[in-house]
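J.: Each chain, letter by letter, is given below.
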Amino acid sequence: MKPNFTQKVTNWGNFPVVEKEMRSEDSFKKIKEFVLNHNEIIARGNGRCYGDASLGETIFSTKKLNKFISFDRLNGIIECESGVLLSDVLEIAVPQGYFLYVTPGTKFVSVGGAIASDVHGKNHHAEGCFSEYVIEFKLMVENGEIITCSREEHSEKFWATIGGMGLTGIILTAKFKLKNIESAYIRQESIKADTLDEIFSLFEESEKWTYTVAWIDCLQKGKNIGRSILMRGEHAFQHELPQDLAKTPLRLKKKLQPTVPFYFPGFVLNALTVKIFNWLYYKKQSKKEVKSFIDYETFFYPLDAINDWNKIYGKSGFIQYQMVIPKEAGKEGMKRILETIAKSGNGSFLAVLKLFGKNNLQAYNSFPLEGYTLALDFKVNSKLKKLVDQLDAIVQEFGGRIYLTKDSMSRSSLTNYLKNIRNSKFVSLQHKRIINNNS
Amino acid sequence: MIVLGSTSEVAQAFVEKALQEGEKFEKIYLFTSNKETTERFARHLDVKFLQQAEVIELDLTKEIDYNRFDHINSNVLFCAIGYLGEGTEEGLYDNKNTERIIGINYAKLVPVMNYFAHKFESRRSGTIIGLSSVAGDRGRQSNFIYGSAKAAFTAYLSGLRNYLFDKKVHVLTIKPGFMATKMTEGLPLNPKLTATPKQAAACIYKAFKKQNNVAYVLPVWSIIMMIIRNIPEFIFKKLKL
Chain A
2 MKPNFTQKVT NWGNFPVVEK EMRSEDSFKK IKEFVLNHNE IIARGNGRCY
52 GDASLGETIF STKKLNKFIS FDRLNGIIEC ESGVLLSDVL EIAVPQGYFL
102 YVTPGTKFVS VGGAIASDVH GKNHHAEGCF SEYVIEFKLM VENGEIITCS
152 REEHSEKFWA TIGGMGLTGI ILTAKFKLKN IESAYIRQES IKADTLDEIF
202 SLFEESEKWT YTVAWIDCLQ KGKNIGRSIL MRGEHAFQHE LPQDLAKTPL
252 RLKKKLQPTV PFYFPGFVLN ALTVKIFNWL YYKKQSKKEV KSFIDYETFF
302 YPLDAINDWN KIYGKSGFIQ YQMVIPKEAG KEGMKRILET IAKSGNGSFL
352 AVLKLFGKNN LQAYNSFPLE GYTLALDFKV NSKLKKLVDQ LDAIVQEFGG
402 RIYLTKDSMS RSSLTNYLKN IRNSKFVSLQ HKRIINNNS
Chain B
116 MIVLGSTSEV AQAFVEKALQ EGEKFEKIYL FTSNKETTER FARHLDVKFL
166 QQAEVIELDL TKEIDYNRFD HINSNVLFCA IGYLGEGTEE GLYDNKNTER
216 IIGINYAKLV PVMNYFAHKF ESRRSGTIIG LSSVAGDRGR QSNFIYGSAK
266 AAFTAYLSGL RNYLFDKKVH VLTIKPGFMA TKMTEGLPLN PKLTATPKQA
316 AACIYKAFKK QNNVAYVLPV WSIIMMIIRN IPEFIFKKLK L
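Residue numbers (the numbering used here), protein chains in the order written: chain A, 2 to 440; chain B, 116 to 356.
These are computed hints drawn from the structure, not numbers from a lab. Using N, Cα and C, we set each Cβ at its ideal position, and we do this for glycine too. Just to be clear, a hint being listed does not mean it is correct.
Claimed, not checked - Far from chain B, some chain A residues (derived; all Cβ distances over 12 Å):
(1) PRO4
(2) LYS31
(3) GLU92
(4) LEU203
(5) LYS224
Stated by the list, open to error - Using 25 Å as the maximum straight-line C-alpha spacing, the simulated BS3-like pairs for lysine-lysine come out as follows:
(6) B/LYS150 x A/LYS108
(7) A/LYS178 x A/LYS359
(8) A/LYS256 x B/LYS297
(9) A/LYS255 x B/LYS150
(10) A/LYS254 x B/LYS211
(11) A/LYS21 x B/LYS139
(12) B/LYS132 x B/LYS353
(13) A/LYS139 x B/LYS132
(14) B/LYS223 x A/LYS65
(15) A/LYS33 x B/LYS324
(16) A/LYS312 x B/LYS307
(17) B/LYS307 x A/LYS316
(18) B/LYS163 x A/LYS176
(19) B/LYS324 x A/LYS64
(20) A/LYS65 x B/LYS283
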């Protein structure tokens with residue numbers, strides 16, 4: 002048996018699938034050798050991005066860079082290798098009264114991936130992106146040298162790498178700040194909205210809340226467009242909690258974790274089933290407003306509760322379509338987007354609406370802009386390209402752009418926003434696709 | 116806990132599993148031929164579990180100074196040292212390869228194991244866990260040098276278990292089948308027969324708690340190996356395994 006490192010690789014959307022060389026090492030010396038001996042490398046963490054962002058001719062998996070380096074328990078500063086997952090960080094941090102400042106909708110992304118995508122969360126309007134809390138990271142550049150990047154040291158590389166989609170090098174380790182919490186629970190309010198206007202004004206009046214997000218039923222037409230549920234939350238203080246939770250406020254009870262056992266057949270997910278799901282989801286909450294305490298996992302990572310949920314989309318896979326439209330045009334743009342989706346009949350199982358706050362101008366490769374962002378998932382089928390094209394046209398008209406971490410087929414005028422990343426060593430299939438389409 | 120072969124992903128996963136399950140160790144002694152990555156693991160244990168660990172260099176291809184191990188005492192020993200080397204086709208007639216495989220998997224390893232077994236015997240308590248291999252269950256044309264060294268190691272563990280039984284020391288032999296580790300990266304392994312280090316660690320921990328004598332990492336391997344062991348030799352010798 003001779004080693005053959007070529008294998009089928011795909012990200013979370015199971016689309017596209019490529020057959021490329023993938024390697025993983027835990028020794029920095031061997032990583033250097035690997036970098037020097039290969040061309041067109043892209044680093045890949047846990048493969049939780051969607052399209053083709055972490056795929057390349059040669060893939061370096063950071064899975065073996067999974068060690069913690071230090072944890073300053075007094076100041077909440079943690080340092081770890083880049084393949085450590087956010088779930089690993091939470092496992093240590095939460096019982097000690099710390100939480101991630103910024104987390105995306107899954108805790109199964111790697112720390113390196115969180116920096117390369119500069120992930121955002123439900124608190125972007127209040128606390129910005131992941132990068133705000135990154136103190137420094139170590140980056141292996143094209144000649145195998147390891148440089149420390151921070152706001153002061155190699156700051157040019159620091160900012161290019163943030164949101165830079167792995168095109169500046171391989172992130173090896175990172176040091177970042179955590180926030181204090183008193184409990185592992187969130188004080189949540191969820192409010193139903195019947196119209197788009199209502200949900201937008203709910204967002205604006207919830208500006209003081211740390212976390213806000215809305216689930217939106219994107220199959221509704223006419224006057225029902227914008228039917229949605231807004232969820233807003235705060236980390237609960239210990240004294241606020243009901244008695245049974247207040248006893249051990251930083252420990253969650255163990256839950257069962259179901260796994261999707263196989264790829265669902267293609268017909269399972271169609272316009273009708275999505276419609277039923279959305280109807281049930283909306284009706285599940287009978288009151289206009291519900292207040293509750295829920296654990297952080299349910300609040301931040303509802304989908305993580307089901308292992309391998311991506312398999313419900315079948316073998317052909319799915320895409321995530323996430324765009325942002327600047328604030329002033331946001332309402333009009335969202336309305337057009339939702340109308341187009343409803344007309345196409347290509348429903349999204351999960352549509353999430355968020356209001357982004359001001360973007361950090363220094364983090365110029367970061368996706369968020371002040372405005373409205375909508376994330377949708379669509380099953381890959383023959384009609385999808387046409388729909389994406391229609392949606393792209395609207396996003397372009399309103400001056401928006403697409404989140405690279407989830408992109409696999411959007412037009413390059415909306416995805417070609419990275420700067421200072423020109424490098425022939427670190428190249429992804431996504432970047433090549435964008436550059437080639439641009440010419 | 117004493118860990119021989121600390122860069123092994125299975126050994127590391129086992130240490131983490133034991134600590135997660137609440138096992139207490141005054142100190143963990145990490146023996147390794149690769150100080151850089153093992154020191155990183157030691158720091159990781161300190162951050163994640165507030166567990167003290169000491170890194171000790173051990174190179175089985177060199178002379179060993181046992182005086183350096185005087186202070187080491189524990190009630191669990193986990194040995195994950197193993198070296199696959201070149202397979203039969205590429206490496207059979209390469210003496211260096213053969214000597215290295217036999218040395219690391221058996222000849223040089225057993226004296227180290229004996230050194231600690233002696234300490235366990237004097238304490239009259241503890242568990243010794245040795246990672247052998249299904250390759251030691253029957254010699255096959257593809258890697259029988261490695262297989263024969265592992266067969267010897269299996270026999271050693273079996274004898275040691277017998278010898279230490281009335282001295283209140285338990286010996287557990289683990290026979291992993293395919294595992295997705297550094298040793299097998301890039302090899303075309305059937306995913307249904309391949310355990311991740313985490314899975315392997317969970318199986319081993321269970322066998323450790325149940326005081327099993329011999330355990331296969333994935334249960335399917337006990338069936339596969341039963342079949343392979345029972346194929347009559349006149350047929351077996353013609354097979355391409």
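J.: So, for every hint listed, does it hold in this structure?
T.: Hint check results:
1. The beta carbon of A/PRO4 is not kept farther than 12 Å from every beta carbon of chain B, the shortest such distance being approximately 3 Å.
2. Remark: the non-interface label on A/LYS31 conflicts with the geometry, its nearest Cβ contact in chain B lying 10 Å away (cut-off 12 Å).
3. With a least CB separation of 8 Å from chain B, A/GLU92 falls inside the 12 Å interface cut-off, contrary to its annotation.
4. At roughly 41 Å, the least C-beta separation between A/LEU203 and chain B is larger than 12 Å, which holds for a residue marked as non-interface.
5. No Cβ of chain B comes within 12 Å of the Cβ of A/LYS224; the nearest lies about 51 Å off, and the non-interface call holds.
6. For a cut-off of 25 Å, the pair hint linking B/LYS150 to A/LYS108 is broken: about 31 Å separates their Cα positions.
7. Under the criterion of a C-alpha separation no larger than 25 Å, the hint pairing A/LYS178 with A/LYS359 is consistent with the structure, at around 21 Å.
8. Proposed proximity of A/LYS256 and B/LYS297 is contradicted: the alpha carbons are some 32 Å apart, above 25 Å.
9. Restraint check for A/LYS255 and B/LYS150: the C-alpha separation of about 37 Å exceeds 25 Å, so the hint is violated.
10. Between A/LYS254 and B/LYS211 the alpha-carbon distance is near 55 Å, which puts this suggested pair outside the 25 Å criterion.
11. Proximity of A/LYS21 to B/LYS139 is assessed by CA-CA distance (about 44 Å); at most 25 Å being required, the pair is judged violated.
12. In summary, the hint linking B/LYS132 to B/LYS353 is not supported, as the alpha carbons are separated by about 42 Å, beyond the 25 Å threshold.
13. About 29 Å separates the Cα atoms of A/LYS139 and B/LYS132, which puts this hinted pair outside 25 Å; it is violated.
14. Using a Cα cut-off of 25 Å, the hinted pair B/LYS223 and A/LYS65 is violated, with the two alpha carbons roughly 29 Å apart.
15. Of the pairs offered as hints, the one joining A/LYS33 and B/LYS324 is violated, with about 41 Å between alpha carbons and a cut-off of 25 Å exceeded.
16. This hinted pair checks out: A/LYS312 and B/LYS307 have alpha carbons roughly 18 Å apart, not beyond 25 Å.
17. For the suggested pair B/LYS307 and A/LYS316, the alpha carbons sit about 19 Å apart, so the restraint of at most 25 Å is met.
18. Taking the CA atoms of B/LYS163 and A/LYS176, the gap is near 15 Å; set against the 25 Å cutoff, the hint holds.
19. Simply put, B/LYS324 and A/LYS64 have alpha-carbon atoms about 29 Å apart, too far for the 25 Å limit, and the pair is violated.
20. Taken as a hint, the A/LYS65 and B/LYS283 pair is broken in the structure, with Cα atoms around 38 Å apart against an allowance of 25 Å.
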